[in-house]
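S.K.: Quick note, the sequences are listed as chains G and D, same order. Going by the working numbering, the letters in the first sequence line up with residues 1 to 415, in that order. Going by the working numbering, the letters in the second sequence line up with residues 416 to 991, in that order.
Worth flagging that the hints you see were computed from the coordinates, not collected in a lab. A virtual CB, placed ideally from N, CA and C, is assigned to each residue, including glycine. Wrong hints could be hidden among the right ones.
[To be verified] DSS-like cross-link-like pairs, simulated, lysine-lysine; straight-line CA separation at most 27 Å:
| # | chain 1 | residue 1 | chain 2 | residue 2 |
| --- | --- | --- | --- | --- |
| 1 | G | K408 | G | K152 |
| 2 | G | K350 | G | K152 |
| 3 | G | K305 | G | K246 |
| 4 | D | K569 | G | K246 |
| 5 | G | K407 | G | K152 |
| 6 | G | K353 | G | K408 |
| 7 | G | K229 | D | K957 |
| 8 | D | K808 | D | K462 |
| 9 | G | K305 | G | K235 |
| 10 | G | K229 | D | K911 |
| 11 | D | K528 | G | K246 |
| 12 | G | K151 | G | K408 |
| 13 | G | K246 | D | K611 |
| 14 | G | K103 | G | K350 |
| 15 | D | K520 | D | K569 |
[Stated by the list, open to error] Residues of chain D placed beyond 10 Å of chain G at every Cβ, according to the derived structure:
| # | residue |
| --- | --- |
| 16 | R627 |
| 17 | A795 |
| 18 | K808 |
| 19 | A926 |
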Amino acid sequence: MLNRRIFLKSGGLALVAGGFLPNVFVRMASGATPASRRVLVAIFQRGAVDGLNVVVPYAEKAYYDARPSIAIPRPGSGENAALDLDGFFGLHPSLSPVLPLFKDGSAAFVHAVGSPDATRSHFDAQDFMESGTPGVKSTTDGFLSRAVSGKKVTKSSPLRALAVSASLPRILSGSAGAVSMTNVVDFGIRGGASSASASDSFEAMYADAVAGTLQGTARDSFEAVRILKSSEASKIGPQNGAEYPKGPFGNSLKQIAQLIKADVGMEVAFTDVGGWDTHAGEGGVNGQLSNRLRDYGQAIAAFTKDLGSRMADVTLVTMSEFGRTVRENGNRGTDHGHANVMLLAGGGVKGGKVHGKWPGLESGQLYENRDVAVTTDFRDVFAEILSRRLGVPDLGPVFPGYAIEEKKRLGIIAA
Amino acid sequence: MVTARKATRFLSSVLLVTSTAGSAPAFSPSSAAGAGSVSASRAERDKALHALNRLTFGPRPGDVDRVLEMGLARWIGSQLKPETIADSPMAARLRDLPTLAMSSKEIFNVYEKPFREARRQRRLLARSAAMSEVAAGTEDLREREERDRIPPEKRPRRVIEELSTARVLKAVYSERQLNEVLVDFWMNHFNVYAAKGLDRVFITSFERDVVRPRIWGRFEDLLVATAKSPAMLFYLDNAQSVSERENRPLSRRATFFGRGAGADASMLDPAPPVRPKGGLNENYARELMELHTLGVDGGYTQKDVTELARVLTGWSIERDGGGTFVFRARVHDAEVKTVLGRTFPAGGGIEEGEEMIRRLARHPGTARHIALRLAERLVADAPPAALVDRVAKTFLATDGDLRQTVRALVESPEFFDRASYRAKVKSPFEYVVSAIRATGAETDAGIPLLRQIAQMGEPLYLCQPPTGYSDAASAWVNTGALVARLNFALALSANKLPGTSVDVAHLISPADAADPRRSLDALARVLIAGDLTPETRATIAKQLESRTAPADDPSANTQVPLISGLILGSPEFQKQ
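My request is simple: use the sequences and hints to build the entire structure.
M.R.: See below:
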């Protein structure tokens, strides 16, 4: 009865099916080509990455004064030095795979960006950044969920908002019904010969269950299982010679790329990557941060290579809950700070530029005399992406209590 | 394919069965139908079942009867005094887990040293051959262990695996069930991410020597013990938090100039790298107030965090491989400090931190926070405010006596409020353990089972943020996790989980097992005390109808494992 097959054909979806079709396929199969769908890929660097050692303000003397043992040397000062971006900022050498993207104009950074809330608690700051309401703890849903819910689409997939993570992140919780999974291949009911019937039974049981968290989750689950199976996303390997680094982050991005290429109707994808809370042994050119950045940069470079021209539809953006102290601490590390840096790549990004107003690192310029000051609210970055790339019509409900003003427009995304 | 006529006929028979089972609305324990030797009213059975759902990792076959036989109040009383409950068979089950009894120093020597030696060798090699990629360290622990050809039984990861196995075994088989529930609660409250560097060496002792012995005593003692535990000192970086140099005791400054007391990941290395000078680290001070005591809205400021961090400077770990607590007076901030209105004059030492931690433990904000966390765990995701207030009062009135605090919660009228029966979604750990207990399965709680828990989103000992796992279902019930739960239910019932053996057919009588419909009702009684909604029951019954017996044995009912899998995967079994 539930016999459906989908073939991938010339980048789009063609449906060959007999009998009953779930309406999502009907919706997907007709109308505009799915390839025209735009996708936002949001990456959360949990633990507060040290933005000052990612995009290094090498022209600032204060940077070197504050970090005697962990500063990244100025470009041209030897083999292990910052990679120049614009004469003022340089890239951590471990991010060399990302440099070509910046140079060819397909990637940009925003510096001194962050949340206006002063908290230095990972938990609170992540919560505020994901809820999109800094300082307000009572917000129950995530801003990307609100953004997706507010998008008017005639056809929507249960996979329109998807997280590759073990649990549904705060940023996607809410009425968008986002799906989370760690492994696209294994996603489905496995009960040997009884798989199909057991799956149907579970689906019926949960459909009848008392309305609530379980019921809603189950409804999304079973529809998502069907679409994924039909799309054969897990069989689409990396293309254009892309090689993802081994490890969870590379694996997450590889799977997001598979889902984009399989046209399962995904509009927002989210994943996170940890290991940035470098209180000790952060190091400079070598050390913990360097190791994390190498993996991170290789994965992002592989992702853009894998998607190739499809990146025109995809906007990738990274965020982290706050930056780290300008001064290094006693353990070749840094403590919780304030403003940070975001990376943007792909469709619509005005690349080759470090955006944002640089506040400076001299003592009078620091936030609370210790951290990089926030000159760009992270909500303004997302506002531009969401309205210009994803066609979210009204940002009011996405960022309640925050006025998105045209005059504050950063010009990060081409109109 | 089920024809319409057949389905109608079948459904009417289902309705008939349901109606004979009692005037059961949804969620009625129809166990009355299969009542055991004890004749108890349905309300009494429901209460006993609810108590078992919340104060244990789920009832085993016959547990409701056993509780009723003993008397519910007496049973609860005994669970509140686990030391009075005989539990000797546990020792045999834990026999093959040598790390459980080892000191941190022994664990370091056996499991950490070979790994570190291999790493040292590799680095030497990398330096000479410029194998930058090998030295990059982007691979995870598992890959490094495998590449360095460390035998599985000697890998650092083994320590966390054995501890996880032990935790699952105790949750499944210990008679001291409430004790295990509360160990889970407190280990989560004082979360330590065991994969952070040396914490994999310290975590065993943390649970065994710090948390377990104190969860029935005073909160203050538990809090101080965690504050002095190497596991927490390392996890939240206090071990390496030292005073700004100008604030150190004068006499010492010259001697230790340029040498901090940092305990970084390499602190036990034979040849540690150059030690950097010291600095203040606020991580523990912040989480101590935000998570362990006052709560995130506890009324402290950033200034309090910094001052508390200064108070705790010098609280560190001995660099002797054993990871014992040490107070390094020479790097303690000896200047004036003020935390939450308490001013410490210059020249103080370890007693400042001890006093502050005890003050925090006795703070009314802490009483409320702990009462709330316990109520979230044992009563409801959003517990009634009146209950939290009452429990907080008990906490304050008894000097933070945790036995009295838990007793106040469990003996409250809110605990037995019908609205909370099967109203809380089980955490992944609770779900897996409750299914194993319900089916009477025999498990070694090895890696395959641990992996199941991890796939549901909450691997044991591996919660990275200090918050621990959330108690609110909405935080972690999600699509991937739900699919993992359903697959676990099917695999367990079909006896397809390596290391775990179960025979669900033997849970019911041969006569019941031979007939699909009778086996459904019998299994529902055994596995979930009959708490299936009519809708769920009808769905499973329909599934049975649509399947045919194997041709070679038309009378065989091969569906018992599937029925069990569907019951264990049902929305009803996800809840406690």
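S.K.: Take the hints in turn and mark each one as holding or not.
M.R.: Hint by hint, here is what the structure shows:
1. G:K408 to G:K152: 25 Å, holds
2. G:K350 to G:K152: 26 Å, holds
3. G:K305 to G:K246: 16 Å, holds
4. D:K569 to G:K246: At roughly 24 Å apart (the allowed maximum being 27 Å), K246 (chain G) and K569 (chain D) satisfy the hint.
5. G:K407 to G:K152: Answer holds: K407 (chain G) to K152 (chain G) is near 26 Å, not above 27 Å.
6. G:K353 to G:K408: 18 Å, holds
7. G:K229 to D:K957: 25 Å, holds
8. D:K808 to D:K462: Roughly 26 Å between the alpha carbons, so the hint for K808 (chain D) and K462 (chain D) holds.
9. G:K305 to G:K235: Given pair K305 (chain G), K235 (chain G) holds - Cα atoms ~18 Å apart, limit 27 Å.
10. G:K229 to D:K911: Given pair K229 (chain G), K911 (chain D) holds - Cα atoms ~23 Å apart, limit 27 Å.
11. D:K528 to G:K246: 26 Å, holds
12. G:K151 to G:K408: The hint holds at about 23 Å.
13. G:K246 to D:K611: 20 Å, holds
14. G:K103 to G:K350: 11 Å, holds
15. D:K520 to D:K569: Holds, at about 15 Å.
16. R627: It holds; R627 (chain D) is separated from chain G by about 26 Å at its closest Cβ, greater than 10 Å.
17. A795: 13 Å, holds
18. K808: Answer for K808 (chain D): holds, closest chain G Cβ roughly 25 Å.
19. A926: 24 Å, holds
Checked against the numbered hints above, the structure breaks none of them.
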